[in-house]
Amino acid sequence: MKTIINEQDRRNFVSQVETMLHDKLAKCYQCGKCSAGCPVNFEMDYTPNQIIKMTELGMQDPVLNSKTIWLCVSCNTCSTRCPKGFEVAGIMDVLREIATRKGIESKTEKEIQVFHKVFLDNVKSNGRIFELELVGKYRLKTKRLFRDMFLAPKMIEKGKLRMSGDKVSAINSIAKIFRDFE
Amino acid sequence: MAGKTGENVKDPRIIAFVCNWCTYSGADLAGTSRMKYADNIRVIKLPCSGRIDPLFIVEAFKKGAKGVLVSGCHPGDCHYTSGNYHSRRKYAAFRDLLNYLGVDLNRVEFSWISASEGNKWVSVVSEFTEKIKSLPDVHDIFSSR
Amino acid sequence: MKLAYYPGCSLKGTSFEYEVSLLKVLEVLNIEIKEIPDWNCCGASAAHSINHNLSVALPARNLAIAENNGFENVLAPCAACSSRLKTANYELGSDDVLRKKITDSLDMPYNASLGVSNMLEFLLNAVGKENIKSHIKRPLNGIKVASYYGCLLVRPPKIMKFDDPENPVSMDELVSLTGATAVDYPYKTDCCGAINSLSKPDVVMALTGKVLYNIKEHGADLVVVACPLCHSNLDVRQREIERKYSERIGLPVIFITELLGLSFGLSPEELAIDGHMVNADKILQKILAASR
Amino acid sequence: MSRIGVFVCWCGSNIAGTVDVKKLTEEAAKIPGVVEAVDYKYMCSDPGQNSLRNMIREKNLTGVVLAACSPHMHENTFRKAAVKEGLNPYFVEIANIREQVSWVHEDKERATYKAMDLLKMMVEKVKRDRAIEDVRVPLTKRALVIGGGISGMQAALDIASGGVEVILVEKEPSIGGRMIQLDETFPTLDCSSCIMTPKMVEVSQHPNIKLYTYSEVENVSGYIGNFNVKIKKMTKSVVEKDCTGCGDCWNACPMHKNVKSEFNINLSERTAIYVPFPQAVPLVPVIDRAACLHFKKGGKCVKCYEVCGPKCIDFTIQDEIIEEKVGAIVAATGFDLMDNSLYGEYGYGKYKDVISGLQFERLLSASGPTEGVIKRPSDGKTPQTIVFIQCVGSRDPEKGVPYCSKVCCMYTAKHAKLFSHKVHGSQSYVFYIDIRATGKGYEEFIRDTIEKDGVVYLRGRVSKIYQDRDKLIIRGADTLSGNQVEIAADMVVLATGVIPKKGSDKIAQMLGISYDKYGFFTESHPKLRPAESSTAGIYLAGMAQGPRDIPESVVSGSAAASKILGLFSKSEYEVEGTIAGVNKTTCVGCFYCQRVCAYSAISKEEIKDRNGNVIKVVANVNPGLCTGCGACVNACFSKSIDVKGYMDDQIYAEIRSLAI
Ligand SMILES: Cc1cc2nc3c(=O)[nH]c(=O)nc-3n(C[C@H](O)[C@H](O)[C@H](O)COP(=O)(O)OP(=O)(O)OC[C@H]3O[C@@H](n4cnc5c(N)ncnc54)[C@H](O)[C@@H]3O)c2cc1C
Ligand SMILES: Cc1cc2nc3c(=O)[nH]c(=O)nc-3n(C[C@H](O)[C@H](O)[C@H](O)COP(=O)(O)OP(=O)(O)OC[C@H]3O[C@@H](n4cnc5c(N)ncnc54)[C@H](O)[C@@H]3O)c2cc1C
Ligand code: SF4
Ligand code: SF4
Ligand code: SF4
Ligand code: SF4
Ligand code: SF4
Ligand code: SF4
Ligand code: SF4
Ligand code: SF4
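First to last, the sequence lines map onto chains A, B, C and D. Residues 1 to 182 in the working numbering are what the first sequence spells out, letter by letter. Residues 183 to 327 in the working numbering are what the second sequence spells out, letter by letter. Residues 328 to 619 in the working numbering are what the third sequence spells out, letter by letter. Residues 620 to 1279 in the working numbering are what the fourth sequence spells out, letter by letter.
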């Protein structure tokens, strides 16, 4: 890979990320401890420390299109152990948020993106999660109808999947939150 | 004698309180390097910027100075370990007092100039002199509020 | 102390066993809790993943309702919920601008005065070991129990301010109180991948599998958890994992409240242990037989 | 009445080219108090100086002002000349009209005007000058060295060889410090005991060195040249002069499984009566009373006493306080290592085979707990794979310290190298973030370790260590290949961060020297006075100042010694008289001055009436310590303390002379 640094673009991207993150990218000294402990590193295309460096270099496209930002499971192992106290898990949130705002569709991790969206839609309309609806909509959107389906009958038998969900009664207050912050 | 300074805004007199080790030597270096700067400055040498009593500054203004420059070693470089920290801390409190007395804080400058910074001495003195000249002429500094 | 209860969505759905057992145990302990009126979903991992403001605003509504109803503390038994509530509380307490934006939107004041506890914190600090001990009627001697903490209970320590993030002991302490033996194993705090459970099942099964096989290797009879998401992965997906790696696990996974309930002498049915996917009959028989 | 003479120097055309010296001289003569003003081409020349001397004599001058070059240039020249005429040197003042006038300004008229201002200021100043005598402090020509590690030993030996008596105080039962715990030392791999033991013996036998082991400095008072030191000699319960070091006692002691050996860092046990290691100097055992049955069980056991030939064991000996007078002190208290258990993720203390670098030194050492055969603590097996982790606690502002410990890159390479030499077919992996190998031959040493000994270096930190049956699983990163890496190893060695010796802050407070936020002693100037503390007469050496290796520790020990020998080469310690003085009548004893004095120069003095009752307590300036910085002057609200040569009234007079 070759990167040509455009200073203006670099600064813009860095400042956008740093403002949202409330942390400084330069704090990271690339020791790699975050990547060393990351439970999903094995599936990622860039290690977390690479994501940090790439962000610092202004490599917006590869970062926002990376698998890494979506595969991150927000376990906070990285932030907890970072010797510099850098918000590693936080930067993953920030990058996902930027990618979402830009409407970037991940080529490989679309399911994860869809899941988050469907989840929030579910919250938006009910105020709470109605699991059967959530799973159903998610399956429909990802066209992976049969995945996990073998679990459903047993879950229903055990009482784990309810046929109807609760709703927040003051649902308009939820709608307002979404209006203000979505 | 012609060319008297200090009496008017065009040609104000400025008093500088400087430490013996860093800033005084820095000013000497400007001389040995034959740099040129405004001649309104009058240097009073003290052992350390920690010796500079805020009341010296009040006295300087009372005696007609239109600006006061205070300069010592860089933080951490003090010849006397920590003198410049004391002066810095003191200065912060003193600014309020000066302000209260009606002194325009633009007339007091605080800087760190090391023995090797002849050029910094020149630019600090020149810029400060320009700044003082640009301020409105007041006869009594203490009523400039 | 007026105590608010924030059940969260899971306890009303897939992890109803947690709520059932929790309420039973608190009843024995004679502790009153009150569900936050008209609570909403905390946004779980989806909100913070793609919309930071929403991830604070959704929990904030619950916190504000609780505070405005005169509560001082909230019990959030779900580790994910407690993590989101604590994080929101932290941000609302430290970022005045954000707090203003959010309270304006909620049209409710919030002073960030509320304390948030997860289940373990609540049991150890608010209930107290002595109190718990005094209710133990059926000591679980001879049962080997592995506590699985996962990530959300202890990380990030700056916000969770609970237990040691690398070598937590709180759940093990509770296990020991019941008379059972706490099994030490290295994967206690390794993540099970919960947030991508539905969207990335293969990865999640790899992570969860590692934890389960490690526990098994260390000779535990039973796993306890204090998080419905951990529970889903460890319990609901266990069969699938066994199939994927062609190696049996057979480890019942129960909630810490269920373990306490058993030691309090409650029946497995009262605690809804039969609601779990992995059959726990064998170990339950052992427990019940010993007490007879 | 002042009788002041003014001299205006031309400096050839250097001054006269820009300043109207004639006019300046005329104006100067008009200033009240000036009896005569003259100008001269080159004041610093012999005839110039003579004219100065003549006028002092002839006009009976009370003060002299020169308008000439910077005082930094010729102040001394003119002061010396004045002294020859019996005038106190501090009655000579200089108006700097060259560096600060003629060389920096161009307009002749205005430059002359400024020169006149500067001259007037100095005339007003000199009118208020007082005679100042330089201070002479007597010197007790003996030195104290605190800490018997390599740096303290080196300082003691150098001072002693210079013919000066030294008192060396070491708190452990033996001298040697950390270095004697090491196996071979980088970069040349000399065996530490081989080069250290003879030095230790030399220290103990040097006629000029008085050695107190198992002792601590309890109190220091006084100042440069005149320190009073109280040393607490803890009881060894052994009459030192009679002991032959035969070892019968410790071989007989029944308490041999109970106490962990400090010297072997818990990798072995020691007895209650013990020497920390076989080559200890002095080779005299001490009884650890907390572990000894005699003391714990009311006199039950006396085994050691029974077997001791010379009967030198004496359970009744008490701690002793010894007082010594010295003229200079070296603080060389060395270092400790950070607590590895800060890292829950590395399992130190939980997994037996995760050890520190210093423990590994003991495993390597032929005189160590395993006699130099590398065996892991858990099961005594020889490891085949070792993972070394660098920067544990160092460069980690979150859990440890932000600074680099400087020696661990090198000793880790040394460890990996020695391991590969000792265990054939073995493999080492080193996790590092940077390799800092800046000494002579150091980089070559690292490359050699990698290229010849086959040690694999991975650039990244380790996140967590898991135990998996009899293996340790190390999960780390290699940021160069961009991979997460897992290695199954038999043992893990942590390169633990260096911190100052526990209690070094207390020592610093006792000595009145400054120290940084970690507890390392700070140098008077980091570059130009690295051997001196902020307090006159107290010098620094070794790791107590900050992380450094053996060569640097030795250099700093020698540097401290040479400073002391230099100090002692004069008959008295001389300081300029421009120091602070207290007006004891007006001083109210608030001691604000004491708080700001960075040199601990202000002490409390009791003023007593005729009957010996204390009337009041006032500030007293110690001339040996005061540097004349003047910080105290500003702190004093009652204007009772002033610095000679820069008195308040003089500075105000300078300012007022400019009044319009
Ligand atoms: C694992 C390891 C391996 C190393 N390997 C090498 C190597 O191969 N090569 C190399 O050049 N360097 C090496 N070093 C560095 C080396 O150990 C130090 O540079 C050196 O020991 C510093 O010596 P010192 O005298 O300053 O301190 P120390 O050796 O710590 O000596 C200080 C002495 O002062 C005594 N003391 C402390 N406080 C008091 C007190 N209050 N009163 C009386 N006495 C007191 C202590 O007991 C001690 O004896 C290594 C360090 C470590 C940790
Ligand atoms: C670019 C650069 C930046 C640096 N920055 C720093 C820094 O920021 N901080 C820092 O601590 N260090 C710095 N250093 C290092 C520092 O310059 C040296 O440590 C220091 O100058 C060494 O001093 P020295 O007296 O040993 O040698 P030198 O400065 O080389 O002095 C040797 C003298 O001996 C004279 N000489 C040589 N041969 C003979 C002879 N045969 N007869 C008579 N005289 C002779 C030479 O003319 C010279 O004057 C820097 C070095 C470089 C190159
Ligand atoms: S652990 Fe921290 S410092 Fe190290 S690479 Fe990751 S973010 Fe950077
Ligand atoms: S928070 Fe994300 S990046 Fe950090 S360790 Fe967990 S999965 Fe990896
Ligand atoms: S005294 Fe100074 S100014 Fe005068 S001739 Fe000598 S060097 Fe020049
Ligand atoms: S037995 Fe006596 S002489 Fe021998 S070492 Fe012990 S104390 Fe010293
Ligand atoms: S008296 Fe104490 S030191 Fe001596 S042999 Fe007995 S236990 Fe050991
Ligand atoms: S010397 Fe090397 S191992 Fe030690 S702290 Fe510095 S960089 Fe890390
Ligand atoms: S500050 Fe002044 S009054 Fe107070 S003790 Fe010092 S000299 Fe005396
Ligand atoms: S002049 Fe400086 S060194 Fe001397 S007593 Fe005052 S503060 Fe201390």
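Just to be clear, a hint being listed does not mean it is correct.
Listed next, the in silico DSS-like pairs over lysine-lysine satisfying Cα-Cα at most 27 Å (straight line) [unchecked claim]:
id, chain 1, residue 1, chain 2, residue 2
1, A, 158, C, 471
2, B, 218, D, 1121
3, A, 24, C, 428
4, C, 488, A, 167
5, A, 84, C, 488
6, B, 218, D, 660
7, D, 790, D, 1121
8, C, 571, A, 158
9, A, 107, C, 571
10, A, 53, C, 339
11, A, 167, C, 485
Simulated from the structure, these hints should not be mistaken for lab results. These numbers were taken from a predicted model, which means no experiment stands behind them.
Structure-based check of all given hints:
1. 158/A to 471/C: The hint holds at about 26 Å.
2. 218/B to 1121/D: violated (55 Å)
3. 24/A to 428/C: holds (24 Å)
4. 488/C to 167/A: violated (32 Å)
5. 84/A to 488/C: holds (19 Å)
6. 218/B to 660/D: holds (24 Å)
7. 790/D to 1121/D: holds (12 Å)
8. 571/C to 158/A: Given pair residue 571/C, residue 158/A holds - Cα atoms ~23 Å apart, limit 27 Å.
9. 107/A to 571/C: Judged against 27 Å, a Cα distance of about 26 Å means the pair holds.
10. 53/A to 339/C: Given that 27 Å is the threshold and the Cα spacing comes to 43 Å, the pair is violated.
11. 167/A to 485/C: violated (34 Å)
Violated hints for the displayed structure, listed by number in ascending order: 2, 4, 10 and 11.
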